[in-house]
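Undergrad: One-letter residues, chain by chain:
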Amino acid sequence: MEYLLVGVGGILGSLARYRLGRLVSERLKIVFPLATFIINVSGAFLLGLVNGAGLGGGAYLMVAEGFLGAYTTYSTFVYEGFSLFRINEKANALIYIGSSLLLGIIGFIAGYAVGRMI
Amino acid sequence: MRKYLYIGIGGFLGAIFRFSVKNVQLADNIANIPLSTLFVNISGCFFLAFILTAAFSFIKLDADIRLGLSTGLLGAYTTFSTLCKETVQLLENGMYLASFAYISLTVLLGFAAAYAGFVTARVLEDFLARRHAAAFEIKDDADEEAG
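Protein sequences, first through last, are from chains A and B. The number in the numbering used here is simply the position in the first sequence, starting from 1, with 486 added. The number in the numbering used here is simply the position in the second sequence, starting from 1, with 1043 added.
These are calculated hints, taken from the structure and not from any lab test. Cβ atoms here follow ideal geometry from the backbone N, Cα and C, with glycine treated the same way. There could be a bad hint or two in this list.
Okay, the calculated beta carbon distance ranges per label pair [unchecked claim]: (1) A:544 with B:1162: 26 to 36 Å; (2) A:576 with B:1143: 35 to 45 Å; (3) B:1155 with A:508: 25 to 35 Å; (4) B:1162 with A:576: 12 to 22 Å; (5) A:574 with B:1159: 33 to 43 Å; (6) B:1168 with A:539: 47 to 57 Å.
Some, not all, of what chain B presents toward chain A, calculated at C-beta under 8 Å [unchecked claim]: (7) 1049; (8) 1099; (9) 1103; (10) 1106; (11) 1118; (12) 1122; (13) 1123; (14) 1151; (15) 1157; (16) 1159.
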């Protein structure tokens, strides 16, 4: 049952990432991978939120482990950074990696603080 | 429409694989570094770089299946939000060195794994191309002998 909850969250999370990613990248033709950036930072914020709000049990498994775990992605993040290095966009690559991690961590803390107030 | 089905199936399996790795806990965390997430993220980086490099060269992968594997399976298998959560937890507990080491290892090994996946796909491509060429040579020789 635990696995099913995580799996269902995973379906929704990956579809949400795909749709949002398409939405952002269709509107913005830039080198910087803004779609994954927005997805990862917002996902970190939301994970902080549900942790701060004290969500537990099956709901946590589905929303946090399943949905938010799948909504955010590390492999695409690294692949995009790697691709930026390959086309010699070193500054963009470093800004992308650094800002994603920094804002992801700050986002989680901010989300946690907001969640505590709920 | 079919691509949503593949991404959904990939996402379902990817999230479950990640959760399984977390539950199995093969080894105790070393120096407080969350090893299961580290393992998931690094292995995912290898496979994504391998699949995307291979899919655009020697493997004739259907575009929807490619999306299912990359955006679905590996996208859901690896996670960014948990990485942030675990880093904050280490910071909260005053383990500054461990949090720094965790982030650094995740980034450095993730990029190394992506590079390794990329190189593996290229080496395999080269190997298959040579074998293909060799097979043609043998066939040519056989044709000459027959002629």
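Undergrad: State for each hint whether it applies.
TA: These are the hints, each one checked on the structure:
Distance hint check for residue 544 of chain A and residue 1162 of chain B: the Cβ-Cβ separation is about 42 Å, which falls outside the suggested range of 26 to 36 Å. Separated by about 23 Å at the C-beta atoms, residue 576 of chain A and residue 1143 of chain B break the suggested range of 35 to 45 Å. At about 30 Å, the beta-carbon gap between residue 1155 of chain B and residue 508 of chain A stays in the expected band of 25 to 35 Å. The hint said 12 to 22 Å for the Cβ distance between residue 1162 of chain B and residue 576 of chain A, and at roughly 20 Å that hint holds.
Under the hint 33 to 43 Å, the C-beta atoms of residue 574 of chain A and residue 1159 of chain B, about 21 Å apart, miss the expected range. A C-beta distance of roughly 49 Å is found between residue 1168 of chain B and residue 539 of chain A, which places it inside the suggested range of 47 to 57 Å. Hint on residue 1049 of chain B is violated. Least Cβ distance to chain A is approximately 10 Å, over the 8 Å limit. Because the closest C-beta pair between residue 1099 of chain B and chain A is about 12 Å apart, greater than 8 Å, the hint is violated.
Given hint, residue 1103 of chain B at the interface with chain A, is violated; its Cβ is 21 Å from that chain's nearest Cβ, farther than 8 Å. With a least beta-carbon distance of about 13 Å to chain A, the hint placing residue 1106 of chain B at the interface is violated under the 8 Å criterion. Taking 8 Å as the C-beta cut-off, the interface hint given for residue 1118 of chain B holds, the closest approach to chain A being about 4 Å. Contact between residue 1122 of chain B and chain A, as hinted, is supported at the beta carbon level, the nearest pair being about 4 Å apart and thus within 8 Å.
Among the interface hints, the one on residue 1123 of chain B holds; its C-beta lies about 4 Å from the nearest C-beta in chain A, closer than the 8 Å criterion. Using the Cβ-Cβ criterion of 8 Å, the hint placing residue 1151 of chain B at the interface with chain A is not satisfied: the shortest such distance is roughly 10 Å. Contact between residue 1157 of chain B and chain A, as hinted, is supported at the beta carbon level, the nearest pair being about 5 Å apart and thus within 8 Å. The criterion of a C-beta within 8 Å of any C-beta in chain A is not met by residue 1159 of chain B, whose closest approach is roughly 11 Å, and the hint is violated.
Of the numbered hints stated above, those contradicted by the structure are hints 1, 2, 5, 7, 8, 9, 10, 14, 16, listed in ascending order.
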